[in-house]
Amino acid sequence: MDTSSPDVLPTNVKDRDVFHLTIEEYLHALISLCDELSRLARNSVTLGDFKRPMQISQFIKDIHSGFQILNLKNDSLRKRSDGIKYKVKEVEDVVYDLSLRGLAVKDEQ
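Sequential numbering of the sequence shown, starting at 287, is according to my numbering.
For the record, the hints were derived by calculation from the structure and aren't laboratory data.
Predicted model only: the values in this text are computed from it and were never measured.
Any given hint might turn out to be false.
Stated by the list, open to error - Label pairs and their calculated CB-CB ranges:
| id | residue 1 | residue 2 | range |
| --- | --- | --- | --- |
| 1 | GLN341 | LYS371 | 16 to 24 angstroms |
| 2 | GLU310 | ASP348 | 35 to 43 angstroms |
| 3 | GLN344 | ALA315 | 18 to 26 angstroms |
As the list claims (entries may be wrong) - Taking lysine-lysine and the PhoX-like style, the derived pairs with C-alpha atoms no more than 25 angstroms apart in a straight line are:
| id | residue 1 | residue 2 |
| --- | --- | --- |
| 4 | LYS375 | LYS347 |
| 5 | LYS337 | LYS347 |
| 6 | LYS347 | LYS365 |
| 7 | LYS359 | LYS371 |
| 8 | LYS337 | LYS375 |
| 9 | LYS365 | LYS375 |
| 10 | LYS337 | LYS365 |
| 11 | LYS347 | LYS371 |
| 12 | LYS347 | LYS359 |
Cβ coordinates follow ideal geometry from the N, Cα and C atoms, glycine included.
Take the sequences, apply the hints, and build the full model.
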């Protein structure tokens, strides 16, 4: 594998003086992102942005399905990843509320 390509990021960079993020740190950051996005979904509705919760819902569902594929051995990571399903539910509740009120924006894909 050619690691000099700008599209490829080498995973083992401990012997170089570069920024390195472990896989576990990256996964923890994804979980934190889900936490913040669920808050953004609620706040977006308050500000009148009814499309954003739909986008956030799909994104968090995709992240959740990705985490379900993983076999996590790290206790703190496994516990935090279990919490993603609650964030999915929170955002789905926002989307459901919007659809009940007739404010849900359909994606035009």
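Here is how each hint holds up against the structure:
In this structure the hint that GLN341 and LYS371 lie 16 to 24 angstroms apart at CB holds, the actual value being about 19 angstroms. Restraint check, GLU310 to ASP348: a C-beta distance of roughly 20 angstroms breaks the suggested window 35 to 43 angstroms. Taken as a hint, the range 18 to 26 angstroms holds for the pair GLN344 and ALA315, whose Cβ atoms sit roughly 20 angstroms apart. Distance restraint check for LYS375 and LYS347: the Cα-Cα separation of roughly 9 angstroms lies within the 25 angstroms cut-off, and the hinted pair is therefore satisfied.
In summary, the hint linking LYS337 to LYS347 is supported, as the alpha carbons are separated by about 16 angstroms, within the 25 angstroms threshold. At roughly 17 angstroms between alpha-carbon atoms, LYS347 and LYS365 fall within 25 angstroms of each other, so this suggested pair holds. Annotation: proposed proximity of LYS359 to LYS371 holds, straight-line Cα distance about 18 angstroms (limit 25 angstroms). For the given pair, LYS337 sits about 17 angstroms from LYS375 by alpha-carbon distance, which is consistent with the 25 angstroms threshold.
The suggested pairing of LYS365 with LYS375 holds, with an alpha-carbon distance near 17 angstroms, which does not exceed 25 angstroms. In summary, the hint linking LYS337 to LYS365 is not supported, as the alpha carbons are separated by about 30 angstroms, beyond the 25 angstroms threshold. Restraint check: the Cα-Cα separation between LYS347 and LYS371 comes to about 8 angstroms, which is no more than 25 angstroms; the hinted pair holds. Between LYS347 and LYS359 the CA atoms are separated by roughly 22 angstroms; this keeps the pair inside 25 angstroms, and the hint holds.
Hint compliance for this structure: hints 2, 10 are not met, and every other hint is.
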